[in-house]
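Spelled out from the first residue to the last, the chains are:
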Amino acid sequence: MSGFLDNLLNGLAVGSVYALIALGFVTIFKASGVLNFAHGSLLLLGGYLVAVLHDDLGFAGALAVAVLVTAAVAGLLDRLVLQRTGGSDPHAAHVQTIVTIGVDIVLVTDLARRIGGDLLPLGDPWGDAVTDLGPVTVADSRVAAILVSAAAIGGAFALFRFTSWGLSLRAAAEDAEAAALMGVRLNRVRTAAWCLAGGLAALAAVFLVAFPAPGLERTTGQIALKAFPAAILGGMASPVGALVGSMLIGLTEAFVAGYQSDLHVLGEGFGDVAPYAVMVLVLLVRPAGLFAAKGTARV
Amino acid sequence: MPSVPPDDAPALHVEKLDVTYGRALSALRSVSLDVPHGAVVALLGANGAGKTTLLRAVSGTLRLHRGAITAGGVRYGDTVLDGRDPVTAVRAGVVQVPEGRRVFAGLTVDENLRAGGLGLNRRAPAQVREARDRVLALFPRLGERTRQAAGLLSGGEQQMLAIGRALMAAPRLLLLDEPSLGLAPMMVDRIAEVVREINAGGTAVLLVEQNAGMALSLAERAHVLEVGEVRLSGDAAELARTDAVRRLYLGETADGAGGLDGRGAA
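Protein sequences, first through last, are from chains F and U. For the first sequence, counting from 1, position 157 maps to 157 in my numbering; every step adds exactly one. To convert, take the position in the second sequence, counting from 1, and add 1000; that gives my numbering.
No wet-lab data here; the hints were simulated from the structure. Values in this document were obtained by computation on a predicted structure and should not be read as measured data. Heads up, the beta-carbon is just placed ideally off N, CA and C, and yes, glycines get one too. It cannot be assumed that every hint is accurate.
[Unchecked claim] Covered stretches of chain F (chain U as the covering partner; in silico rule of three or more C-beta atoms under 8 Å from a C-beta of chain U):
1. 168-176
2. 179-189
[Said to hold, decoys possible] Across the chosen pairs, the derived CB separations fall in these ranges:
3. U/T1108 to F/N187: 22 to 32 Å
4. U/R1023 to F/L80: 21 to 31 Å
5. F/G154 to U/T1108: 16 to 26 Å
6. U/G1048 to F/R286: 37 to 47 Å
7. U/S1030 to F/G155: 49 to 59 Å
8. F/D89 to U/G1048: 17 to 27 Å
9. U/V1227 to F/R84: 28 to 38 Å
10. F/L80 to U/V1128: 30 to 40 Å
11. F/R84 to U/A1126: 38 to 48 Å
Generate the whole structure from the sequences, applying the supplied hints.
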């Protein structure tokens, strides 16, 4: 029984970190129609900044700087590179998607060179401490992941719902020209979406690297790949879908890992495949994802 | 015309406008027209005559369609509108209701109305509420459905919402693109009534219509566009009596179409 609860808590913790990534990914897609393949490298950048800055600034200071800088880099990437490619071509978003692959390669190569073969600690305050919650023992870092993610995601949803920017974003995603006619500045709205996504990715990096993970390595950014199926099975342009999808992926992963010994017929490392298997199963039943927008295709 | 008193100067001044799409397709050639303060001006013409293109040139959305102004200019009062973004037009008081309504289907009626005010600089909540109250007084039906998704409204209600959304920006000139398109005759009458009420409040209207009967009954002046050029201009009542307009826009074609989709000339 405690095994089940352990897996459940682990799944929720991992899922909430995926949700930070998937929510940013979906926000970018909603705002610009671009699939951001540079999301993993933005995450790696955020983690790297915390790793190199925490000695001088303390963990909280380093995290704040990392979130702001990663948000700024994402915003500049949109404003200075992506918005200038594709022009008025109707397939501009596709062109920009390909450009993000190039940006990802550049960023990852440079960061990997800096990180080298090392495992960088982020100096987070949780360390390897654990807390006993009744029948289960859970790592403090996982509790923190759940709480911080919930706060950040709640904040993001509040932005979507209650601010002018959120309304602009949702209106522009429904009908960009009609939104423009209302005086919505489409370019600014989408750049702000990129900034938000960048900040969330940097935040996610901290919890991906915290205990029980060993530390930041050059391949940490690849974990963002697991958040992609979460976004897709949620419906691609739906923040709620990204949230539900992430939890689904996180729980799947935790339970597959937890019951690995019972699942040996599936072979070693099925946990890595599981997110994609879940995605395919969900898409077979609901081809447009769990929370797909009614009757509209964004791409 | 700096020497003319502002009340007599045309509010919207379009002068010798050339518009081209994709660098090759000429959509407007040397089109000039004025909309005076507080007037209703009708713009008639068949599909593809360039009516919507003219509105795009005024509202600043040509770029979204790969179009550009290649000659001439658009001014509203002292504000130059050609080559500017849509925000400039909205802040100058010129707001367009797009053809086909284009409400934000997944947003609630209330959110659609709020979206209408997004282009203005920060406004006090009291001002927003006041604008909203005015719109809901004009369209009581919307008031009963503020929390409903706009996509669930009927066609007529969506048109009301599209107009109401534009009114949230407190326009001094409203650009209406085919507001009667696809609506039942009774709803067309209601739209005409709404245009009269909006105009009675001091807002000028540039009305693009294929329903020439309705447009000419509302407007003081009218212009007829044909393949990108102004063919006829003049007093709306006089134009309604000319042979060319009667034959082309009020004649059997309008009746024939009216039977099918309710766009018959009134």
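Each hint tested on the structure:
1. For the region 168-176 of chain F, the stated coverage by chain U holds: 6 residues have a C-beta nearer than 8 Å to a C-beta of that chain, and at least 3 were required.
2. Coverage of a stretch by a chain is defined here by at least three residues with a beta carbon nearer than 8 Å to that chain's beta carbons; for the region 179-189 of chain F and chain U the count is 7, and the condition holds.
3. Taking the beta carbon of each, U/T1108 and F/N187 are about 26 Å apart, inside 22 to 32 Å as hinted.
4. Separation of U/R1023 from F/L80 is about 26 Å and conforms to the stated range, judged on CB atoms against 21 to 31 Å.
5. Hint check: F/G154 to U/T1108, Cβ distance near 21 Å, so the stated range 16 to 26 Å holds.
6. At roughly 41 Å, the beta-carbon separation of U/G1048 and F/R286 lies within the given 37 to 47 Å, and the hint holds.
7. The hinted window of 49 to 59 Å between U/S1030 and F/G155 holds, with their beta carbons roughly 54 Å apart.
8. In this structure, F/D89 and U/G1048 meet the distance hint of 17 to 27 Å, their C-beta atoms being roughly 24 Å apart.
9. At roughly 36 Å, the beta-carbon separation of U/V1227 and F/R84 lies within the given 28 to 38 Å, and the hint holds.
10. The hinted window of 30 to 40 Å between F/L80 and U/V1128 holds, with their beta carbons roughly 34 Å apart.
11. Range check, F/R84 to U/A1126: Cβ separation about 41 Å, and the 38 to 48 Å hint holds.
Taken one by one, the earlier hints all hold for this structure without exception.
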